[in-house]
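Residue numbers (the numbering used here), protein chains in the order written: chain A, 14 to 497; chain B, 1199 to 1684; chain C, 132 to 227.
Hints listed in this document are in silico derivations from the structure and should not be mistaken for laboratory results.
We put the CB at the ideal spot given by N, CA and C, even for glycine.
Please note that a few of the clues may not be correct.
[To be verified] Pairwise CB distance ranges, derived in the manner of DEER restraints:
# : chain 1 : residue 1 : chain 2 : residue 2 : range
1 : A       : 156       : C       : 167       : 25 to 33 Å
2 : A       : 159       : B       : 1296      : 20 to 28 Å
3 : A       : 159       : C       : 156       : 33 to 41 Å
4 : C       : 173       : A       : 266       : 37 to 45 Å
5 : C       : 188       : A       : 202       : 24 to 32 Å
6 : B       : 1449      : A       : 207       : 52 to 60 Å
7 : C       : 188       : B       : 1617      : 28 to 36 Å
8 : B       : 1643      : C       : 173       : 35 to 43 Å
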Amino acid sequence: MATPAGAPRTVVGLEIHVQLLTASKMFCGCAVSFGAPPNTLVCPVCLGLPGALPVLNRRAVDLGLRTALALGCRIHPRSQFHRKNYFYPDLPKNYQISQYEYAGHPPLATGGALEIVTEGARRLVRIRRVHLEEDTGRLVHAEGASGSLVDFNRSGVPLMEIVTEPDLRSPAEAREFLTALRRLLQFAEVSSGRMEEGTLRCDANVSLVGDDGVPGIRTEVKNMNSIRAVERALAYEVARQAEARRRGEAVVQETRHWDERRGVTFGSRSKEEAQDYRYFPEPDLVPLEVDEAWLERVRASLPELPAARRDRLMAAFGLGGADADRLTASPAMARFFEETVAAFPDARVVANWLVGEVAAYLNEHGTEIDAITLTPRRLADLLRLIEDGTLSGRLAKEILVAMIKDDLDAVAVVEARGLRQISDEAALGRIVEEVLAAHPGPVADVRAGKDRALGFLVGQVMKATGGRANPEAVNRLLRERVGS
Amino acid sequence: MPETPFETARGLVAAYRAQRTRPSEAVEAALAQVERHEPRVRAFLHLDAERARTEAAAWDRRYAAGEDTPPLAGVPVALKDNLCTRGAPTTCGSRILEGWRPPYDATVVARLRTAGAILLGKTNLDEFAMGSSTENSAFGPTRNPWDLSRVPGGSSGGSAAAVAAGFVPLALGSDTGGSIRLPAGFCGVVGLKPTYGRVSRYGLVAFASSLDQIGPLARDVEDCALLLDAIAGPDPLDTTSARVPPPQARAALGAAPRGLRVGVVTDAFGAGVAPGVAAAIREALRTLEGLGLAIEEVALPTLEAALPAYYLLAPAEASANLARYDGMRYGLRAAGADLVDTYRQTRRRGFGPEVKRRIMLGTYALSAGYYDAYYLRAQKVRTLVARDFERAFARADVVVMPVAPTPAFAIGERAADPLQMYLADVFTIPVNLAGLPGLALPCGFDGGLPVGLQLIGRPFDEATLLRVGHAYQQATDWHRRRPPVA
Amino acid sequence: MIDRDTVEHVARLARLALTEEERERFAEQLGRILEYADRLSALPLDDVPPTSHALPMTNVLRDDAVAPSLPRDEVLAQAPARRDGFFVVPRVFDEG
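Given only the sequences and the hints, what does the whole structure look like? Please build it.
And the structure:
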């Protein structure tokens, strides 16, 4: 969005935590699983028991490297884990094993960029760093209880932190960036990338720069549980800071929490203690050295990324850019498209249905292609019924919804509802005669060359057949009988 | 001198195999010895006599049946109480872990069980292994069997005293800055700090992770090698355990060390070394020369800087390692007004003064603005210490220093002055900083108290140390002397 | 000598409650130990790389394989307070 003269410029940087798609935790063999009973996925290592030692999960490193490659980062040949020291009841060792960046200690990767499309133009958002760390446990604040509850199932789950440069210029750009990043992570099979489930988490640093070029005080916004929440929280925070600026009030450097229900950010009640994390190299983990051979292995294992997938879909199936974009919105959608085409080779028809009816359904129900009962085979079967004239397009749309809702094949829905298309010419001919007899006016209009009247007559036949008449046959029969 | 049925572990196993005695008899003898002397020595924090008897009876049957038995089958062994034992108390000599029972065994404990050892009990130590006298135990000091008014050294004082007093032929300790070698020296037994990475640290409650190493204590070098063989070798649960073949230490003892070069650290005979200690070391060098070893002089120019560097690095690591004792998940929880106050009161009540001092020191050394001046500088000194040793090992196969500048000091003598206490480790600390193996063995007496000789080797060359030590013990009988308690 | 405010600051970072007497004593003792440590500043260390690990090892990793976790009873048996399968800790103020 263009910045009006005199208005402060928005500067946003994001810190994104990504839960990696591993079977086991970062430093122990406990399973990574969502929704297990509390404290059932824990062991001496992830409980931080005296004497237990961490052992690094190779797959977590591989997934970090995948991401770094996909973002075009510089991967450091040697990196090291550090201890980040702070006390909190969800942190069983009272230090977090994390990578850290300071003189002589690079994280896994730095630099890199991700392209976003904003106001129709492509723009690169620079990545500052990518590093690995362990997740904390989960605190539950029971209503009215005198204490808090702690579940350590999440403790030690592999996380990757991605930090951007402060390159984003609006809440909308932050949304675009997160959408693009999530898509990249999903295509690279690095993370499920679901903010609602916490496998993708985002904190934002926001400040305003006046037209004098002097940067304002920065606040950090947390607790945003969807991409839409990030956009809304940032919009609120930008407006809040702009208002403070107009009034000549100081913005306080602080962490602010987004309240989804009230639609506001708020600062912590208590005064924040100045943090001093006392980082030092983790003596229990030896340094990580990534050589060219390792990188080559990771490169070879890297799945097709969104841009390449989009280009290939366009080239292979003759799709337009807009369709290809929508079909590569998620790897699940792209996979669904290709698998459907394998069973029903008219790619344009498949694309039309996916970006049309199926996407409309997903949107309306706020769900995803891999979370509904529709399968590529079922969609292909449906399209085949249209192709062979068994179903009209209009009927097929209805059937699609029923298939998804009732978890049924197209044929089953057709049979159950008696929705098979009427293509039998003798039967249709009788209905057409009845309609013509009942509507002499429109018949005269058609004969006078008014084509719109023909549409009316078609509609009457459809009405009479409960929409099951084959539209092509009806058209042909009407024209024959009217003699136009 | 009351008879104990065992002089050495290997002697015991040989007697079991020859059916001259049974594990049950050895365990009863050990328990009787404990009953006689433990009230004065106080080497143990926990004893599990019933379990020991049950296990011994099982081994009795297997020996009687002439079955194949593992190398330490039926041998009573004591464990320093910072080694995790499943379902059995592991206190680290601290109130904060009183009553805690680990849900798992340390790797060395599992290996000892596999080797057939009978784990008789857990021995006293300076709280979290922080100390040189075992006076810092929350459960009271251990006393030196040679002189009950003196300290046994620390922090593995309970293990050293238990071996010296004839409670067990073998014990495990841990050594971060000398905690096996100093008590071995003060109690007149043999103690080995293996190369960093030789023995898995999994299940050793951490003090300073980059320096800690578990090692054996025994009456002589050959038993020490036997115990090392039982616990050494790579462990997938400890990524700092080295992927090198096990030492096969006992098998290496046969080869005479003739022709090896011994590097004497000339700087280690300066001010602060008791004349009686210096004399005993010089005498030991003459013995080694007589065995055909060549004596060379070597220099360790960074020796003096090692001690201050250690007292920044070890507390820094400890400050993080001990952060987990917060009263939330296990151990002591003191009442507090709120969360932070609960942390602070728990740690105030749970930790003793030396642990608090080191946590404070380490926290300070890592805190913003001081990292470069203290922690980073100390890490650089660590590099220099390692380089000193590399140069020395270009001229020598084994480097010799005293274990400590003086023999065992009196209980209470240094308790009020931490710096004086720290000086006891001046010759052992550099070895930990460089990650090298160090062997302490008795080489004489000064005023009726044992003097310890320290042999230092190249990384993973425990075999050479043990060979030299074994040859020395073939030529001397210091290791056969027994304290009045025993 | 380091001052008592510094001692109190460090004690807060380390979550240690100190008595007045301990603050006094630690100020004196830590001061002396640090003075002793200041000997290191006389060494020429600019070109010396730091050592954080005793062994020159790298890349010790494990395969991403699931191993059994501990039985929950055993985990919680040691806890000073527990409820419904959770550890109970003094109330942490909800940030929401």
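Status of each hint after checking the structure:
Roughly 54 Å separates the CB atoms of residue 156 of chain A and residue 167 of chain C, a value that falls outside the hinted 25 to 33 Å. Range check, residue 159 of chain A to residue 1296 of chain B: Cβ separation about 25 Å, and the 20 to 28 Å hint holds. Checked against the given bound of 33 to 41 Å, the beta carbons of residue 159 of chain A and residue 156 of chain C, roughly 36 Å apart, stay inside it. A beta carbon spacing of about 40 Å between residue 173 of chain C and residue 266 of chain A agrees with the range 37 to 45 Å that was offered as a hint.
At roughly 30 Å, the beta carbons of residue 188 of chain C and residue 202 of chain A sit within the given window of 24 to 32 Å. Range check, residue 1449 of chain B to residue 207 of chain A: about 58 Å between beta-carbon atoms, so the 52 to 60 Å window is met. Checked against the hint of 28 to 36 Å, the pair residue 188 of chain C and residue 1617 of chain B passes, with Cβ atoms roughly 34 Å apart. For the pair residue 1643 of chain B and residue 173 of chain C, the supplied restraint of 35 to 43 Å holds, since their beta-carbon distance comes to about 38 Å.
Of the numbered hints given earlier, the model fails hint 1 alone.
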